[in-house]
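Listed here are the chains, written in short residue letters.
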Amino acid sequence: MKILVCISKTPDTTAKIAFTDNNTKFDTNGVQWIINPYDEWYALVRAIELKEADAATSIHLVTVGGADAEPIIRKALALGGDEAIRVNADSHDSFFIASQIAAIAKDGNYDLVLAGKETIDYNGSSIGGMVAELLDLPFISLATKLDVAGAQATIVREIEGGEETCEAALPLVISCQKGMAEARIPNMRGIMAARTKPLKVVEPVAAESLTSVAGFALPPAKAGVKLVDPENVDELVRLLHEEAKAI
Amino acid sequence: MSVLIFIDQVDGHVKKASLEALTFGADVAAQTGTTAEAVIIGTVNDDLVDLGKYGVKKIHQVSGNGFNQFDSQVYVNAIAQVATATGATVLVFSNNVNGKALAPRLSAKLKAGLVSGAVALPETSNGFIVKKNVFSGKAFANIAVNTAVKIIALSPNAYKTTAIDGKAEVVSFQAEAATPKVKIVSVNKASGEVPLTEAEIVVSAGRGLKGPENWGVVEELAKLLHAATACSRPVADAHWRPHNEHVGQTGIAIAPNLYIAIGISGAIQHLAGVNRSKVIVVINKDPEAPFFKAADYGIVGDAFEVMPKFIAAVKKLKGVA
Chain A
3 MKILVCISKT PDTTAKIAFT DNNTKFDTNG VQWIINPYDE WYALVRAIEL KEADAATSIH
63 LVTVGGADAE PIIRKALALG GDEAIRVNAD SHDSFFIASQ IAAIAKDGNY DLVLAGKETI
123 DYNGSSIGGM VAELLDLPFI SLATKLDVAG AQATIVREIE GGEETCEAAL PLVISCQKGM
183 AEARIPNMRG IMAARTKPLK VVEPVAAESL TSVAGFALPP AKAGVKLVDP ENVDELVRLL
243 HEEAKAI
Chain B
5 MSVLIFIDQV DGHVKKASLE ALTFGADVAA QTGTTAEAVI IGTVNDDLVD LGKYGVKKIH
65 QVSGNGFNQF DSQVYVNAIA QVATATGATV LVFSNNVNGK ALAPRLSAKL KAGLVSGAVA
125 LPETSNGFIV KKNVFSGKAF ANIAVNTAVK IIALSPNAYK TTAIDGKAEV VSFQAEAATP
185 KVKIVSVNKA SGEVPLTEAE IVVSAGRGLK GPENWGVVEE LAKLLHAATA CSRPVADAHW
245 RPHNEHVGQT GIAIAPNLYI AIGISGAIQH LAGVNRSKVI VVINKDPEAP FFKAADYGIV
305 GDAFEVMPKF IAAVKKLKGV A
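Top line first, the protein sequences correspond to chains A and B.
Residue numbers for the first sequence follow this note's numbering, so the first one is 3 and each next one is one higher.
Residue numbers for the second sequence follow this note's numbering, so the first one is 5 and each next one is one higher.
FYI, nobody ran anything at the bench for these hints, they're computed from the structure.
Please note that the accuracy of each hint is not assured.
Simulated pairs of lysine to any residue, SDA-like, Cα-Cα distance not exceeding 25 Å [said to hold, decoys possible]:
#, chain 1, residue 1, chain 2, residue 2
1, B, K164, A, H243
2, B, K62, B, T47
3, B, K113, A, A219
4, A, K147, B, K320
5, B, K313, A, K4
6, A, K27, A, A219
7, B, K297, A, G32
8, B, K62, B, F177
9, A, K27, B, G220
10, A, K18, B, K164
11, B, K113, A, K27
12, B, K320, B, G220
13, A, K53, A, K27
14, B, K227, A, K53
15, A, K228, B, K297
16, B, K289, B, G215
17, B, K193, B, V14
18, B, K185, B, T88
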């Protein structure tokens, strides 16, 4: 079984969110970049676990981004990807990105395409579903467990207020979230090996962009906390009822 | 021309998030001078005619073999057929669990630009621009949709439902036969509890409660307020509470009217999952806890002393003994 894992570069979870150029660009000044946590902790690590359990034969990584995405791809290789493809394009349009990934997936004949459930910057939750449609494959979203036996996958996915277990034959596209795998960090051997693993750069295929970013805005600042005396909790309930009208 | 809204259902009942999508879709229709129509898949127990009170004029119901269980491929094919038949120019989904599986697929199928996690009506004076959440609730982006057909996936709890006088016409839609490739073998759902993402009020607790045996006060307060319960990441990681209760950057992101955080310090990753809550109450014994900066109301005090008083005060308000 060959697995393709979609990897995206995102700002660290503690990064300061600010914008420049009249609020049209994300301010990357001083920002640490990481592998999107859903792509890394859940999609990639589960792929590695499947390979370790001999259910998968190879793990390829794909990212759509400029040369500045390479440190992130190297880290993903250090964790356990076998080889990587970087599509040399900078885009914030999900359809454009999904079209690139679908082209790579079609070329490589993968049995499983795994993506994180969303990126923590644009929160689009779109790539997995779009790739599945472009490949005309079943799509299982928000998966919390994945097992593969032969050509059959068993997946647990989130539903409102619980979870459901489903089965489908490979090939499949799955978006992954918490529960899939336990986070791990690359070891020294992995880091050394990653330096010489293949990282192929390809130019993008022709694809439309359906959307564009017109601008950003920060939410209005909170007015500040109103503290209530711990001896007078009745007052908190009164405020929530009469002032905030929340209960 | 129409605005077509997808109505999501579970066990034959329309989800609350879909009522928000209906109201939103009807408002988009009014704004763009078109009619609001809707599509629902599968058999339903609720009276669909009544959904007219959210502004929808006509509901197309797709049912039959192959449409009795959720499959994104089958659903999207059917929705695309309804979209073509009704000449839909804007499609509206809730950005809930099923919406996240359907809207992107449909976007790729129709080559219709998608804005997921929308929080406001589109701005149509110059193009078609939709405001959405980005950076896990820490900012908004205005996304321009540059295609003839547009898809909006509305953030749950971001748009208020309004009810008017009205009835919807319900028609059956003959979609092409479908064979789902995904088979659902079992469903495991807590019955009778409020789903976390749909809850108006969420009572959440963290390590400050010291152990799973102390969750009684959280559950009692939640029950009194018809609230869902949630927890912070360390609590889920320690298996004090199930993972599906974990809210935060890597857990579930929620936007209730009221979020009550007990013994949670408010790390930036936790805030990313809850900062869209309209009112935040923080109870923590550490006055320096970062959560107080994001809170509307706070009590600096020991949760074990404050919670019984909190419960008693709510009981008094609700008139229960």
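Quick rundown of the hints versus the structure:
no., hint, in the structure
1, B:K164 <-> A:H243, "holds (19 Å)"
2, B:K62 <-> B:T47, "holds (17 Å)"
3, B:K113 <-> A:A219, "violated (31 Å)"
4, A:K147 <-> B:K320, "violated (44 Å)"
5, B:K313 <-> A:K4, "violated (58 Å)"
6, A:K27 <-> A:A219, "holds (10 Å)"
7, B:K297 <-> A:G32, "holds (23 Å)"
8, B:K62 <-> B:F177, "holds (11 Å)"
9, A:K27 <-> B:G220, "violated (47 Å)"
10, A:K18 <-> B:K164, "violated (31 Å)"
11, B:K113 <-> A:K27, "violated (30 Å)"
12, B:K320 <-> B:G220, "holds (19 Å)"
13, A:K53 <-> A:K27, "violated (39 Å)"
14, B:K227 <-> A:K53, "violated (45 Å)"
15, A:K228 <-> B:K297, "holds (10 Å)"
16, B:K289 <-> B:G215, "holds (16 Å)"
17, B:K193 <-> B:V14, "holds (11 Å)"
18, B:K185 <-> B:T88, "holds (24 Å)"
Hints 3, 4, 5, 9, 10, 11, 13 and 14 from the list above are not met by this structure, while the remaining hints are.
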